[in-house]
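Model the full assembly from the supplied sequences, consistent with the hints where possible.
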Amino acid sequence: MAETVSALGVRRRASRSSPLRLDRQSVLGPVLVAPAILFIAVLVGYPFVLAIYLSVSDADVATSGLGRFVGLQNFVALFEADVFWTALRNTLLFTAVSWLFKGLLGTILAFLLNENLRFTRVFRFVILLPWTIPIALSSITWKWMFDTQYSIVNWIGRALGLIHENPNWLGEPTLAMISIIAVNVWRGFPFSAVILLAGMTSIPQEILDAAHVDGAGPVTRFRKVVVPMIAPILFVGTLYDLVFSLTDMTVVYLLTLGGPANTTHVLASFAYLVGIQSGALGRGAATALLLLPILAVVVFVTLRTLRRRDI
Amino acid sequence: MAAAAAYAAERRQSRRALRKKLLVYAGLCVYAVVAGLPVYWMFITAFKPNPDLYNLKAFPLFFNEHGVTLEHVALLFNKTGFTTWAGNTLIVAVAVVLITLLFAVPAGYALARLRFRGAESLTIGIFMTYLVPTTLLFLPLVKIISTIGLFDKLGSLIVAYPTFTIPFCTWLMAGFFKTVPFEIEEAAMVDGCSRLGAIARVVLPLSLTGMFTVAIFAFTLSMQDFIYALTFVTSSDQKVITVGVVTELIRGDVFFWGSLMAGALIAGVPVAILYTFFLDRFVAGITGGAVK
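Line by line, the protein sequences give chains A and B.
Under this note's numbering, the first sequence has 44 at position 44, and the numbering climbs by one with no breaks.
Adding 311 to a residue's 1-based position in the second sequence gives its number in this note's numbering.
Warning: the hint list may mix true and false statements.
Partner residues aside, some chain B positions facing chain A, computed with beta carbon under 8 Å [unchecked claim]:
| id | residue |
| --- | --- |
| 1 | Leu422 |
| 2 | Pro444 |
| 3 | Pro478 |
| 4 | Thr481 |
| 5 | Met534 |
| 6 | Ala578 |
| 7 | Ala583 |
| 8 | Val594 |
DSSO-like mimics (lysine-lysine), calculated; alpha carbons at most 27 Å apart, straight line [to be verified]:
| id | chain 1 | residue 1 | chain 2 | residue 2 |
| --- | --- | --- | --- | --- |
| 9 | B | Lys332 | A | Lys224 |
| 10 | B | Lys390 | B | Lys464 |
| 11 | A | Lys224 | B | Lys368 |
It is worth saying that the hints were derived from the structure and are not from the lab.
The C-beta atom is built at its ideal place from N, Cα and C for all residues, glycine as well.
This is the structure in structure tokens:
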């Protein structure tokens, strides 16, 4: 420490003779933030505005330029397409059901990991794999696990006596939707657990003990003490997870490509199909943009629910 | 008498504790099997010879009569662009990490340490940017990337990935800078260092762990992306590893499952290990400031 100070002391004169204007916080702050803000403005802000413009244009992938203004034509066409409504329904179903199961499985897991028994670290590594392996790689693995002939899922199901014939997981609309949701839950539950765990360990043990002394059972302690106290952390975690579920196309794209017969599309995969594979960039942008009101509602509801708990 | 009762009570209690312990382990085992099965299945598939792999009578969960093979791995390395994709991934990763550090470290410092107008709303704004979904941006980004001549080139990803790594890592870095004691910096300034001097000599060296974590995250977040890599790049020799593995090992409707799983294993497991090591920081990052 003393050395640092004396080493810095040598510099004293040099800096005094040239008082830098940059040293003022009101100048240095904006200067340091500016590059990041500029980057975000150009590559997030501008595309965002462009998305809105594209949604009312007939732009396509092949030709350069931004296409002609076509008013609300893209939206009208979407509302008239059955696949759009299927995709919308699937998006909501997919998000709601997987949110429910992720929350349930994640909560139980958080309690198990919180016991901090021996080997917890080993368990943690294995149990976190669904979240840490890149989603594209695990999705393609699940496609192989749901194979029509060599499905390991079916083999295990038969070995355990749970099923007696081979369900065609990805070839039948309802089963395909169940598979897609299952993979999303599989991928997301470790994250829910980790978020919850981070919150739980931040609560002082004395508070829980006090509640215990006051006669609160484990469930009451969790609902009335733990949840309100970690509401902010839950809010951010839930939000992050919901945004991910609402806008993810990887699982659908790799498992079913929206099939069979376009029954398993979600808005994100449908936007990709329309915008890139069919090349109708404008209409694709309109599809993706329709996620915004849903996102807004989700953010609003999550915020309100957790606020109300936070008395 | 009393001692015997106390002893019995103690034994009952320890038996209950043991039962609870066993229950917790059983629960963890169930979770581990469900979570780990796909990765185990990657491993088995990657090293099992085709005659066993596609034999409905063979026991699928382990190796069978033909033993273990490296032919899938060999095919992956010799007959596909796997090494090219791995190289591409490395180039993208290094470039994205450097760009992210260059932008996020100064921004993070300013937001954590300096008082200036709008600092607080900028902090929230940057976090919200991280929540802007890629699904919303990938179509307009196609236009932008074509305009600047990067479509179907690795460069497109080097430009696109910082859109989510910079906001996240700025947020992370801000958290780190808050943990560097203010007094150290002040002491340096009292001793005549300019603020920039104090940053360079005192604050940055103390934040090296933070920067290292940010670098790891810029890398793992880039590896998690699929939609940009799928959309912006179509030529085989420009693909990154994730997209290469899941698109190029399927010819028509024939899936080369052995090589596919070998590729997924080789690309996925290192990322998983890195990610797990830094997961606590990741959680601290996205929940940053939510809990004090």
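Structure-based check of each hint:
1. Leu422: For leucine 422(B), the interface hint holds, since the closest Cβ of chain A sits about 7 Å away, which is under 8 Å.
2. Pro444: holds (4 Å)
3. Pro478: holds (7 Å)
4. Thr481: Check passed: Cβ of threonine 481(B) comes within 6 Å of chain A, closer than 8 Å.
5. Met534: Nearest chain A Cβ about 5 Å off; hint holds.
6. Ala578: holds (6 Å)
7. Ala583: Because about 4 Å separates alanine 583(B) from the closest Cβ in chain A, which is inside the 8 Å limit, the hint holds.
8. Val594: Holds. Min distance 5 Å.
9. Lys332(B) <-> Lys224(A): It holds: about 26 Å lies between the C-alpha atoms, which stays within 27 Å.
10. Lys390(B) <-> Lys464(B): holds (22 Å)
11. Lys224(A) <-> Lys368(B): Not satisfied, since the Cα-Cα distance of roughly 54 Å exceeds 27 Å.
Hint compliance for this structure: hint 11 is the single one not met.
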